[in-house]
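There are 2 protein chains.
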Amino acid sequence: MHATPLLERLIQAFRCLPGVGPKTAQRMAFFLLQREREKGKHLAEILNHAMVNIRHCLQCRTFSETELCKLCASPNRDPSLLCIIENPTDLIAVEQMGTYRGRYFVLLGHLSPLDGIGPEDIGIKELNILINANPIKEIILATNPTVEGEATAHYLSEFIKPYNIKVTRIAHGVPLGGELEYIDSGTIARSFAGRETVD
Amino acid sequence: MHATPLLERLIQAFRCLPGVGPKTAQRMAFFLLQREREKGKHLAEILNHAMVNIRHCLQCRTFSETELCKLCASPNRDPSLLCIIENPTDLIAVEQMGTYRGRYFVLLGHLSPLDGIGPEDIGIKELNILINANPIKEIILATNPTVEGEATAHYLSEFIKPYNIKVTRIAHGVPLGGELEYIDSGTIARSFAGRETVD
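Residue numbers (the numbering used here), protein chains in the order written: chain Y, 221 to 419; chain G, 221 to 419.
I should point out that these hints are in silico values taken from the structure, not numbers from a laboratory.
What you are looking at is a predicted structure, and each value in this text was computed from that prediction instead of being measured.
Don't take every hint at face value.
Claimed, not checked - Pair by pair, the computed Cβ-Cβ distance ranges are:
| id | chain 1 | residue 1 | chain 2 | residue 2 | range |
| --- | --- | --- | --- | --- | --- |
| 1 | Y | 317 | G | 242 | 16 to 24 Å |
| 2 | G | 257 | Y | 239 | 12 to 20 Å |
| 3 | Y | 389 | G | 365 | 29 to 37 Å |
| 4 | G | 286 | Y | 256 | 20 to 28 Å |
| 5 | Y | 256 | G | 256 | 40 to 48 Å |
| 6 | G | 364 | Y | 257 | 46 to 54 Å |
| 7 | Y | 256 | G | 382 | 33 to 41 Å |
| 8 | Y | 364 | G | 294 | 30 to 38 Å |
| 9 | G | 404 | Y | 239 | 26 to 34 Å |
| 10 | Y | 255 | G | 315 | 19 to 27 Å |
Stated by the list, open to error - Per the computed footprint, the stretches of chain G lying under chain Y, defined by three or more beta-carbons under 8 Å from a beta-carbon of chain Y, are:
| id | region |
| --- | --- |
| 11 | 231–244 |
| 12 | 250–264 |
| 13 | 303–313 |
Stated by the list, open to error - Sample of chain Y residues lacking proximity to chain G, with all beta carbon distances greater than 10 Å (derived):
| id | residue |
| --- | --- |
| 14 | 251 |
| 15 | 285 |
| 16 | 360 |
| 17 | 375 |
Positions of the beta carbon are idealized from the N, C-alpha and C atoms, including for glycine.
With the rest of the complex left out, here is chain Y (with noise of 0.2 Å):
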């Protein structure tokens, strides 16, 4: 490299985003220095304001600007559901879906004792909290089907017990559009042991 000193740390601040390599940051420090400088100032404008000022909703822990976000600060979603998952991303999927009318909880990752993650860090304090001051009748465990996201939901419906509130747990199976022969033995033994009576 015969990069000048502050070029070669911006290439290696540019190697903090996922995805992305030696060569990727390397373009990304020379197209932005050759062709899109104001642009390049704006993200890191936008990028400082946003790590600084984007904390966490205090009821639901998602990301939010405010104390409370959006949804939770919102009358028209349906107090007495709550939907729990792993992270802010699978909110927005959650959303996509267009249908869910109820509310969210943000666990921000899953149990890995192995990591020293634990209910603490799940929010487990936060979520007691949630469900004493709401009418929830429903909790959705929407967690990862992955052996933590499991775990995790295993967990939590333990320590939702007490509460006498429905616990429910998303469907797992072969996804829509899938073939059989390119779907894994474990999903197709689900999607066998949660079949359907067909009308």
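With chain Y's structure known, arrange chain G on it following the hints.
Just chain G, lined up with the frame of chain Y:
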């Protein structure tokens, strides 16, 4: 999208990076917010600093924080040999070869009359000054083997003619490791036209 306004602006801002579409931009924003805030702030700081402070070398026009870049300021580079390239990234590519000991001149583009890019834009004035101020014996035209690159090389060779300096063009042909079967006929034609006697 149910992101906060600032988060949406951040996702939008990431799209100024080359090869970053809406999905990747979203992934970058959430990744930094969730796991790498400090690195995100660091990137913002370096990015702004770089956009503001990285200018061009007054002599060769590559990126530089100082008036003269490291290569132009170095007493170890042969001032009688000049390599003309299109972009600062080309300079890095040539330097990686490790055997070139001359100096460079960066056009920062190529002639493109349709886009209004003329001789002034590729630094013909600066090139003139550089040629007059240095004991140059050979100029290597290393613009890309594209239509515009070839046209630019042709223009430059005409421009340099009055100076009685030897002008050379990098060889074009089948790249090392390339297979004839997969190489375009234009390149094969160049490799035939430029064939050399085997000793």
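Tested hints:
As the Cβ distance of residue 317/Y to residue 242/G is approximately 18 Å, the hint placing it in 16 to 24 Å holds. Here the CB-CB span from residue 257/G to residue 239/Y is close to 18 Å, well matched to the stated 12 to 20 Å. At about 60 Å, the CB distance of residue 389/Y to residue 365/G disagrees with the hint of 29 to 37 Å. Residue 286/G and residue 256/Y have their C-beta atoms about 23 Å apart, which keeps the hinted 20 to 28 Å range intact.
For the pair residue 256/Y and residue 256/G, the supplied restraint of 40 to 48 Å is violated, since their beta-carbon distance comes to about 23 Å. Against the hinted window of 46 to 54 Å, the Cβ-Cβ separation of residue 364/G and residue 257/Y comes to about 23 Å, which falls outside the hint. Taking the beta carbon of each, residue 256/Y and residue 382/G are about 37 Å apart, inside 33 to 41 Å as hinted. The supplied range of 30 to 38 Å is broken by residue 364/Y and residue 294/G, whose beta-carbon atoms lie about 55 Å from each other.
At roughly 31 Å, the beta carbons of residue 404/G and residue 239/Y sit within the given window of 26 to 34 Å. For residue 255/Y and residue 315/G, the Cβ-Cβ distance of about 22 Å falls inside the hinted range of 19 to 27 Å, so the restraint holds. With a threshold of 8 Å between beta carbons, the proposed coverage of the region 231–244 of chain G by chain Y holds, since 7 of its residues qualify and at least three are required. Closer than 8 Å: that is the beta-carbon criterion, and the region 250–264 of chain G has 13 residues meeting it against chain Y, so the requirement of 3 holds.
Check on the region 303–313 of chain G: 5 of its residues sit with their Cβ under 8 Å from a Cβ of chain Y, so the three-residue criterion for coverage holds. The non-interface label for residue 251/Y is inconsistent with chain G: the shortest C-beta to C-beta separation is roughly 5 Å, within 10 Å. Distance to chain G contradicts residue 285/Y as a non-interface residue, since its nearest Cβ pair spans about 5 Å, not more than 10 Å. The non-interface label for residue 360/Y is consistent with chain G: the shortest C-beta to C-beta separation is roughly 17 Å, beyond 10 Å.
Non-interface status of residue 375/Y relative to chain G is upheld: no Cβ of that chain comes within 10 Å, the nearest being about 21 Å off.
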